[in-house]
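Peer 1: Sequences are here, hints too, so could you generate the full structure?
Number of protein chains: 2
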Amino acid sequence: MMIGFDAPDARLPAYARLRDTFTARIATGEWTPDHPIPSESRLAQEFDVSVGTVRKAVDGLVEEGLLERRQGSGTRVRAPSFSASLFRFFPIRETDGSPVSIPSSQIILRSVTQAPAPAASVLDTEDVIKIVRLRSLSDQPVLFEEIYIPTERFAGFDKLPESSLGPLLYPLYFEHFGVMVKRASDEVSFGKASERVAQRLRIRAGDPLAVIERTAFDIENRPIEWRVASGSATNFRYRSEIN
Amino acid sequence: MMIGFDAPDARLPAYARLRDTFTARIATGEWTPDHPIPSESRLAQEFDVSVGTVRKAVDGLVEEGLLERRQGSGTRVRAPSFSASLFRFFPIRETDGSPVSIPSSQIILRSVTQAPAPAASVLDTEDVIKIVRLRSLSDQPVLFEEIYIPTERFAGFDKLPESSLGPLLYPLYFEHFGVMVKRASDEVSFGKASERVAQRLRIRAGDPLAVIERTAFDIENRPIEWRVASGSATNFRYRSEIN
Numbered sequence: 001m002m003i004g005f006d007a008p009d010a011r012l013p014a015y016a017r018l019r020d021t022f023t024a025r026i027a028t029g030e031w032t033p034d035h036p037i038p039s040e041s042r043l044a045q046e047f048d049v050s051v052g053t054v055r056k057a058v059d060g061l062v063e064e065g066l067l068e069r070r071q072g073s074g075t076r077v078r079a080p081s082f083s084a085s086l087f088r089f090f091p092i093r094e095t096d097g098s099p100v101s102i103p104s105s106q107i108i109l110r111s112v113t114q115a116p117a118p119a120a121s122v123l124d125t126e127d128v129i130k131i132v133r134l135r136s137l138s139d140q141p142v143l144f145e146e147i148y149i150p151t152e153r154f155a156g157f158d159k160l161p162e163s164s165l166g167p168l169l170y171p172l173y174f175e176h177f178g179v180m181v182k183r184a185s186d187e188v189s190f191g192k193a194s195e196r197v198a199q200r201l202r203i204r205a206g207d208p209l210a211v212i213e214r215t216a217f218d219i220e221n222r223p224i225e226w227r228v229a230s231g232s233a234t235n236f237r238y239r240s241e242i243n
Numbered sequence: 001m002m003i004g005f006d007a008p009d010a011r012l013p014a015y016a017r018l019r020d021t022f023t024a025r026i027a028t029g030e031w032t033p034d035h036p037i038p039s040e041s042r043l044a045q046e047f048d049v050s051v052g053t054v055r056k057a058v059d060g061l062v063e064e065g066l067l068e069r070r071q072g073s074g075t076r077v078r079a080p081s082f083s084a085s086l087f088r089f090f091p092i093r094e095t096d097g098s099p100v101s102i103p104s105s106q107i108i109l110r111s112v113t114q115a116p117a118p119a120a121s122v123l124d125t126e127d128v129i130k131i132v133r134l135r136s137l138s139d140q141p142v143l144f145e146e147i148y149i150p151t152e153r154f155a156g157f158d159k160l161p162e163s164s165l166g167p168l169l170y171p172l173y174f175e176h177f178g179v180m181v182k183r184a185s186d187e188v189s190f191g192k193a194s195e196r197v198a199q200r201l202r203i204r205a206g207d208p209l210a211v212i213e214r215t216a217f218d219i220e221n222r223p224i225e226w227r228v229a230s231g232s233a234t235n236f237r238y239r240s241e242i243n
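Here the protein sequences come in this chain order: A and B.
Per UniProt numbering, residue 1 is the first one in the first sequence, and the count goes up by one each step.
Per UniProt numbering, residue 1 is the first one in the second sequence, and the count goes up by one each step.
Think of the hints as simulated: they come from the structure by calculation, not from any bench.
Please note: incorrect hints may appear among the correct ones.
Which copy is meant is left open, because identical chains are indistinguishable; a pair holds if it fits in one copy or across any two.
Claimed, not checked - Here are the simulated EDC-like cross-link-like pairs (lysine to aspartate or glutamate), alpha carbons at most 20 Å apart as the crow flies:
#1 192 x 213
#2 192 x 207
#3 130 x 152
#4 130 x 162
#5 56 x 68
#6 56 x 20
Predicted model, so just to flag it, every value in this text is computed and none were measured.
Peer 2: Written as structure tokens, this is what we have:
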């Protein structure tokens with residue numbers, strides 16, 4: 001496993017350490033909602049513990065809502081696939097339906113700053129790190145993002161080496177700060193591009209803009225990130241499953 | 001219970017009949033995701049069957065994904081609360097956050113017709129019933145909807161008496177046609193109002209328009225409805241939970 005998160009505390013009982021290990025596998029995307037996790041007997045073998053211990057660890061994660069048991073199709077990750085949600089914003093499939101490349105991600109700014117009013121209100125603090133990011137598809141900018149995370153939970157994020165910043169932030173939050181994003185709430189609206197945003201997106205000021213405001217929550221349901229993502233409204237598509 | 005759906009088939013085993021009865025409670029909204037369903041022992045008492053029979057019926061619905069067991073907080077409906085999704089489209093809370101009235105619903109047209117291409121493609125048939133509906137808040141039209149359902153599954157929908165049409169379609173689908181909407185898929189995009197839509201929404205042709213295309217699926221994952229809902233983009237808000 002390539003995670004920098006602390007190894008489970010050896011003083012914890014075996015099932016609790018196993019639970020932390022499993023949580024890490026979910027957070028880092030090693031286990032996904034797409035495939036059942038290994039059977040309890042295989043996990044018992046892998047970690048050299050009893051099946052009862054594995055079951056207790058899995059039970060805990062089912063109770064927390066991170067895993068779910070489905071008769072006939074095994075136990076699966078129930079956590080949302082946030083990487084999939086990347087693909088909901090713009091037509092990033094070819095018109096023939098074939099998948100295209102993952103949007104590239106360029107971090108323009110990271111700075112410790114004072115939160116603007118909506119971020120401060122959601123995060124309940126003015127001490128934040130601001131991240132400005134541009135996402136592009138085949139060199140065409142499609143999404144301009146301003147992201148705010150509380151300094152208290154993410155101290156040092158602004159100093160992480162560039163090389164450690166992949167295209168996805170949520171795995172990073174977990175690996176470096178032990179913060180796992182459990183759910184998020186999006187609000188889509190339409191507006192007009194400001195001069196500044198228009199320049200980044202290579203559209204004209206006043207052009208119709210699609211805006212997604214997202215609040216992300218950790219496992220304890222605390223808001224840990226607020227972001228505003230903007231893109232040209234012209235080709236905008238936002239997909240949402242209700243189930 | 002005020003449902004017109006057929007009573008469970010008496011030739012079925014007790015647990016299967018119970019399962020149908022429970023499904024009806026979910027479909028009609030008697031059981032909601034907001035509260036745990038009664039305990040298995042209370043249900044056994046209510047239906048005069050053994051706890052084992054209740055458990056078997058509940059197990060079946062858990063497996064189908066209609067119910068979910070949560071340790072410590074009982075068994076709950078897992079089906080989406082579609083009525084709540086009504087409230088995601090427009091600012092139908094007062095600015096102070098207090099809830100306002102449910103949007104009123106006016107059915108303008110019901111007719112057996114030939115499906116337009118996107119509806120035919122999703123529903124896999126050209127034989128549809130078209131429903132045109134206008135939703136208003138305090139007499140202001142906010143959402144213009146064109147809804148297509150396959151005639152094969154909904155024969156006679158166009159002839160249902162006006163008085164039986166409440167503000168929500170999904171409970172109606174179940175009560176009269178035994179079709180339960182299990183999940184839906186929304187796609188939000190942005191466009192310009194046509195003359196016809198503008199007139200209904202009391203905006204001007206060419207004004208910015210928010211468009212939601214929705215496909216709804218039944219319990220067997222068959223598409224059973226396709227709709228396009230349009231509203232002025234100006235005050236549009238679409239909320240979505242990712243979890």
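Peer 1: Next, verify each hint and record whether it holds.
Peer 2: Now the hints, each set against the structure:
no.	hint	in the structure
1	192 x 213	within (15 Å within a copy, 23 Å between copies)
2	192 x 207	both (5 Å within a copy, 13 Å between copies)
3	130 x 152	within (13 Å within a copy, 55 Å between copies)
4	130 x 162	within (15 Å within a copy, 55 Å between copies)
5	56 x 68	both (14 Å within a copy, 19 Å between copies)
6	56 x 20	within (12 Å within a copy, 33 Å between copies)
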